[in-house]
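Student: Make the full structure from the sequences, and use the hints.
Protein chains in written order, with UniProt numbering: chain X, 1 to 866; chain S, 1 to 141.
Possibly wrong hints are sitting among the right ones.
Below, computed lysine-lysine pairings styled on BS3-like, alpha-carbon distance capped at 27 Å [said to hold, decoys possible]:
{"id": "1", "chain 1": "X", "residue 1": "Lys183", "chain 2": "X", "residue 2": "Lys595"}
{"id": "2", "chain 1": "X", "residue 1": "Lys428", "chain 2": "X", "residue 2": "Lys517"}
{"id": "3", "chain 1": "S", "residue 1": "Lys2", "chain 2": "X", "residue 2": "Lys369"}
{"id": "4", "chain 1": "S", "residue 1": "Lys40", "chain 2": "X", "residue 2": "Lys413"}
{"id": "5", "chain 1": "S", "residue 1": "Lys46", "chain 2": "X", "residue 2": "Lys428"}
{"id": "6", "chain 1": "S", "residue 1": "Lys65", "chain 2": "X", "residue 2": "Lys550"}
{"id": "7", "chain 1": "X", "residue 1": "Lys550", "chain 2": "X", "residue 2": "Lys588"}
{"id": "8", "chain 1": "X", "residue 1": "Lys46", "chain 2": "X", "residue 2": "Lys121"}
{"id": "9", "chain 1": "S", "residue 1": "Lys120", "chain 2": "X", "residue 2": "Lys413"}
{"id": "10", "chain 1": "X", "residue 1": "Lys428", "chain 2": "S", "residue 2": "Lys55"}
{"id": "11", "chain 1": "X", "residue 1": "Lys584", "chain 2": "X", "residue 2": "Lys517"}
{"id": "12", "chain 1": "S", "residue 1": "Lys2", "chain 2": "X", "residue 2": "Lys457"}
{"id": "13", "chain 1": "X", "residue 1": "Lys678", "chain 2": "X", "residue 2": "Lys622"}
{"id": "14", "chain 1": "X", "residue 1": "Lys294", "chain 2": "S", "residue 2": "Lys58"}
{"id": "15", "chain 1": "X", "residue 1": "Lys224", "chain 2": "X", "residue 2": "Lys843"}
{"id": "16", "chain 1": "S", "residue 1": "Lys124", "chain 2": "S", "residue 2": "Lys46"}
{"id": "17", "chain 1": "S", "residue 1": "Lys65", "chain 2": "X", "residue 2": "Lys413"}
{"id": "18", "chain 1": "S", "residue 1": "Lys2", "chain 2": "X", "residue 2": "Lys296"}
{"id": "19", "chain 1": "X", "residue 1": "Lys362", "chain 2": "S", "residue 2": "Lys2"}
{"id": "20", "chain 1": "X", "residue 1": "Lys550", "chain 2": "S", "residue 2": "Lys46"}
{"id": "21", "chain 1": "S", "residue 1": "Lys46", "chain 2": "X", "residue 2": "Lys413"}
{"id": "22", "chain 1": "X", "residue 1": "Lys451", "chain 2": "S", "residue 2": "Lys46"}
{"id": "23", "chain 1": "X", "residue 1": "Lys699", "chain 2": "S", "residue 2": "Lys2"}
{"id": "24", "chain 1": "X", "residue 1": "Lys649", "chain 2": "X", "residue 2": "Lys296"}
{"id": "25", "chain 1": "S", "residue 1": "Lys120", "chain 2": "X", "residue 2": "Lys550"}
{"id": "26", "chain 1": "X", "residue 1": "Lys699", "chain 2": "S", "residue 2": "Lys120"}
{"id": "27", "chain 1": "S", "residue 1": "Lys65", "chain 2": "X", "residue 2": "Lys807"}
{"id": "28", "chain 1": "S", "residue 1": "Lys40", "chain 2": "X", "residue 2": "Lys699"}
{"id": "29", "chain 1": "X", "residue 1": "Lys232", "chain 2": "X", "residue 2": "Lys655"}
The hints are simulated quantities; they were obtained by calculation from the structure and are not laboratory data.
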Amino acid sequence: MVNTLVGDVGHFSVIIAFVAALVSSFSFSFAANANALTSEQDAWKKLARGAFFVHVVAVFSIIFSLFNIIYAHRYEYHYAWSHSSNHLPVHYMISCFWEGQEGSFLLWIFWHALLGLVLIKFAGKKWESPVMAVFSFVQLFLTSMILGVVIGDLKIGSSPFILMRDFMTDAPVFQMDPNYVPKDGTGLNPLLQNYWMVIHPPVLFLGFAATLVPFAFAIAGLWKKDFSAWTKPALPWGLFAAVVLGVGIMMGAYWAYETLNFGGYWNWDPVENAVYIPWLVLVGAIHTLLAYRKSKTALRATFILFITSFLLVLYATFLTRSGILGNASVHSFTDLGLSGQLFTYLAAFVVLAIGLLVYRWKSIPATDKEIATYSGEFWVFVGAAVLCLGAFQVLVTTSIPVYNSFMGFIGVKTNVALPADQIAHYTKFQMWMGIAIAMLSGTGQLLWWRKQNGTGKLSEVFTVPLIFTALFTALILMIGQLGLIEKIKTPVYIVLLITSLYAVFSNLAILLGVLRKNISIAGGAVAHIGVALMLLGILFSSGYSNIISKNMSGLVYAKEFGDEINRDNVLLWRNTGTDMGPYKVTYKGQYLEVKDLPDYVNKQQLFRIADEFRAIARGPLKDGDKVLYTAGDTVDIYPENTYYEVEFKNRETGKAFTLYPRAQVNPQMGLLASPDIKMFANKDLYTHVSTIPDPNEEKEWGEMKEYQVKIGDTIFVNDYVAVLHGIEPAKDTLLLNLNEGDIAVQADMQVLGEKRTYHAHPIYAIRNRKEVGQVPEEIEDLGLRLFLLNINPEKGLITIGINSTQKDYIILKAMEKPFINILWIGTLIMSLGFVMAIVRHYKDGKRGNKNGPAGKVIVKREKQLA
Amino acid sequence: MKRIHIIGILVIAVAIAIIMSTASDASVYVPFSEAQARAKEGDDTKVHVVGRLKKDAKGHIVGMKYDPVLDPNYFSFVLVDTNRVEQQVVYYSPKPQDFDRSEQVVITGNMQGEAFVADKILLKCPSKYTEKEVKVETASL
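Tutor: As structure tokens, then:
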């Protein structure tokens with residue numbers, strides 16, 4: 001039955017949330033403009049807060065309704081139908097929630113609502129109203145994106161609560177029966193069926209949402225003409241946004257590495273870039289803010305950068321959701337017909353924010369004082385400029401499709417495309433940015449802390465880190481020469497190596513220096529060490545990624561072209577070993593996931609039935625030594641994904657391990673391959689299948705050969721030897737549904753393969769004394785199918801029929817990624833540094849001028865400034 | 001001149017360099033005729049070509065060659081560009097699995113002799129992300 005109630009509740013809540021955001025944003029702005037001493041301000045503030053609370057409750061109600069629709073499989077709703085299905089586990093139902101555009105907007109709205117509550121509580125008297133006015137204003141726009149109101153030709157927002165019959169008005173089913181409810185949904189995109197997809201979007205959207213906080217503070221500062229005080233509360237929030245967004249980006253990278261067969265963790269896809277750009281600018285903004293806090297310089301730059309980072313988040317939203325990247329990206333959303341609305345919002349925020357900034361520009365205090373070259377602030381400022389240039393480079397290239405549509409919009413036909421070799425194009429700049437960042441972070445930090453401690457000559461500060469850098473560079477290059485690790489020869493990679501090591505050691509020196517005094521101020525040093533380690537990880541894993549599945553079969557199909565062509569994939573026949581790098585690699589069979597069993601189960605152990613989500617066990621299925629299912633039991637399976645068992649055996653050491661790369665042949669999306677990764681201490685081995693024989697195509701069986709044999713006789717077929725051991729009553733394990741009087745017997749046969757012996761039990765059955773049926777036994781490993789065709793009891797002759805087919809194969813790609821762990825470790829260390837900095841600056845902000853251990857440092861610093 | 005101004009000028013200079021370099025690295029969408037003309041002039045920069053697969057009257061794809069048993073890294077097909085020019089394309093990688101069902105194909109690469117050698121294939125499949133049809137199960141209403 002069609003349940004319209006939950007959808008109505010949801011839709012109604014959206015409208016309430018929208019109206020409440022409108023009321024709240026107006027009331028907060030009246031409160032912000034009102035005189036602080038009058039009761040009028042209090043009244044406005046009360047109203048505004050009330051409206052915001054209503055907004056939050058309404059948002060929760062929207063989320064509850066949408067989740068109920070997905071969880072209860074209400075396929076009368078388009079959202080559930082197009083993103084979920086009956087067999088989806090609960091944790092993936094959560095990711096269905098944000099697979100669609102509407103749901104991901106909702107996730108964003110949800111985080112804003114929570115952050116808004118935190119700000120109402122903690123922003124303080126002075127900032128609450130203007131900051132929350134900005135917050136509610138943004139919420140107003142975001143909720144309008146899921147409003148789903150159509151006025152004439154104008155569509156405002158796309159509702160997640162639309163019914164199937166309203167979405168597909170042309171579908172004949174709904175014209176015949178408006179109450180028709182589909183039995184199952186179309187399911188979740190299999191690439192998203194990964195635990196990172198459950199965690200990654202919420203983190204990323206929390207990062208998106210958090211960039212609004214420093215933006216709102218900056219706008220509030222401009223609005224209330226208080227150009228300085230906002231920086232104190234904005235700093236920990238800026239750090240928070242940067243760490244969450246950074247972790248979100250890296251989670252996305254890890255998800256891509258683990259799930260997509262890009263061959264790496266970063267592909268310069270426009271969707272990845274769209275998040276990377278605001279992050280760089282945000283990190284730049286934090287640096288100029290720190291410089292301002294220390295020496296009253298770079299305030300204007302700080303305003304510009306915080307405002308820009310939020311505008312870039314909006315631009316990223318526009319890029320990924322307007323469908324403008326359709327030709328350029330593998331994973332942008334499709335156009336929901338909202339690109340006009342998105343563009344309007346983007347333009348509105350750009351005009352309002354920049355307009356306000358220009359209007360107040362002259363009043364923002366700027367210093368005429370020249371910054372000394374040997375001061376940390378100078379290099380921090382230069383570092384921020386480098387970050388922004390890095391962001392600018394990615395922005396200019398990623399926006400190429402936008403120029404094309406813009407030119408098309410004004411009637412000029414252009415044909416510019418993204419660079420053909422994107423990785424080379426981006427690397428060219430980003431590597432130099434990395435080098436500059438490494439160098440500046442080392443130098444800037446050393447100079448910064450030299451002044452802080454008031455100690456030392458220049459040479460003293462730099463000596464130790466430089467010595468260590470030289471030592472370790474030499475050491476790494478030498479080990480490379482010896483062939484123990486990757487040999488670094490390319491000059492620019494050597495430069496990157498030196499600068500990254502320099503950044504590690506100079507920051508380590510600072511870390512050790514402050515460790516004795518006050519660990520809480522070491523966040524910056526820790527974060528910079530993390531960044532430097534990330535650079536080292538990228539240098540090795542990407543610069544020296546090595547494909548080991550080079551085709552060495554010698555079979556070259558087309559020789560028209562030279563030898564420079566990459567032949568990076570290898571064909572592996574089932575059970576036939578092939579040499580690959582240092583390994584002998586053998587593809588051993590296809591596996592499925594069975595519910596409640598921790599290990600994959602060989603397909604040959606399972607008898608598939610009409611219901612594709614179930615199968616019958618053909619033998620005992622064990623978890624370790626514990627038998628969970630015995631032969632004949634029905635088990636629940638996940639039929640979508642097939643795992644290909646591939647054994648890697650080191651030819652020298654004889655050590656072996658097994659990988660299970662996954663593939664799914666999806667009716668909508670073709671082959672979806674997911675890699676499997678073997679982690680070593682110094683590298684990852686990354687493998688994925690590139691092609692498999694199409695499982696939807698019927699196997700082509702060769703002509704059947706018949707053999708008349710007696711018990712104990714041997715049959716020779718395709719180089720294999722088969723022996724008939726006897727005839728026995730068939731066990732009813734394969735759903736034969738035998739009735740009384742039916743007769744079923746099976747042959748007990750053994751087939752000797754290359755590696756092992758297979759048992760085969762083809763069945764011969766007679767039903768109602770006349771219908772004869774045969775159930776063949778297929779040995780996939782050998783590409784054989786055996787029938788028990790006839791039994792002649794008088795002569796003791798048994799007829800066996802055998803078909804053969806091409807053996808099963810996969811095409812595999814395998815590559816090594818050296819020292820990729822350093823990248824992940826660096827990410828964690830960077831995040832730790834950010835967290836330390838957040839704690840420290842949050843405490844600083846609270847302490848104000850009160851005396852305390854950290855307070856003293858501030859007082860001293862402020863004296864220095866004075 | 002203050003140091004900040006020098007930095008400003010440097011930043012602007014780098015920004016201009018970035019724009020220039022992007023312009024020179026950017027590729028173009030061209031028809032096969034232009035890709036062939038470029039090859040004749042000795043210009044081996046990579047271009048994008050948008051096209052469709054060649055199909056016979058019955059809608060079967062023609063001219064597709066992939067035999068993984070012989071060579072898993074050689075895939076060849078015929079693409080018809082927007083000007084209806086046919087061209088043999090060679091791709092030294094396994095055949096993308098959903099290739100046969102694609103509506104539109106975008107390739108990047110360049111002409112090498114008689115064939116266009118593609119190093120990237122982007123497929124636009126019908127309803128890749130959105131469903132337009134609802135299939136009705138047999139009368140179990």
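Student: Each hint should be assessed against the structure and marked as holding or not.
Tutor: Do the hints match the structure? See the list:
1. X/Lys183 x X/Lys595: Given that 27 Å is the threshold and the Cα spacing comes to 22 Å, the pair holds.
2. X/Lys428 x X/Lys517: violated, 41 Å
3. S/Lys2 x X/Lys369: Judged against 27 Å, a Cα distance of about 10 Å means the pair holds.
4. S/Lys40 x X/Lys413: holds, 26 Å
5. S/Lys46 x X/Lys428: Answer holds: S/Lys46 to X/Lys428 is near 18 Å, not above 27 Å.
6. S/Lys65 x X/Lys550: holds, 21 Å
7. X/Lys550 x X/Lys588: holds, 20 Å
8. X/Lys46 x X/Lys121: Holds. X/Lys46 to X/Lys121 sits at ~13 Å (cutoff 27 Å).
9. S/Lys120 x X/Lys413: It holds: about 24 Å lies between the C-alpha atoms, which stays within 27 Å.
10. X/Lys428 x S/Lys55: Violated, at about 41 Å.
11. X/Lys584 x X/Lys517: Violated. X/Lys584 to X/Lys517 sits at ~56 Å, over the 27 Å cutoff.
12. S/Lys2 x X/Lys457: The given pair, whose Cα atoms are some 26 Å apart, holds under the 27 Å limit.
13. X/Lys678 x X/Lys622: holds, 24 Å
14. X/Lys294 x S/Lys58: violated, 75 Å
15. X/Lys224 x X/Lys843: holds, 25 Å
16. S/Lys124 x S/Lys46: holds, 20 Å
17. S/Lys65 x X/Lys413: It is violated: about 35 Å lies between the C-alpha atoms, which goes past 27 Å.
18. S/Lys2 x X/Lys296: Since the Cα atoms of S/Lys2 and X/Lys296 sit roughly 17 Å apart, the hinted pair holds (cutoff 27 Å).
19. X/Lys362 x S/Lys2: Distance of about 19 Å is within 27 Å: holds.
20. X/Lys550 x S/Lys46: holds, 24 Å
21. S/Lys46 x X/Lys413: holds, 20 Å
22. X/Lys451 x S/Lys46: violated, 52 Å
23. X/Lys699 x S/Lys2: It is violated: about 77 Å lies between the C-alpha atoms, which goes past 27 Å.
24. X/Lys649 x X/Lys296: Judged against 27 Å, a Cα distance of about 63 Å means the pair is violated.
25. S/Lys120 x X/Lys550: holds, 19 Å
26. X/Lys699 x S/Lys120: violated, 30 Å
27. S/Lys65 x X/Lys807: holds, 21 Å
28. S/Lys40 x X/Lys699: violated, 46 Å
29. X/Lys232 x X/Lys655: violated, 58 Å
Checked against the numbered hints above, the structure breaks hints 2, 10, 11, 14, 17, 22, 23, 24, 26, 28, 29 and satisfies the rest.
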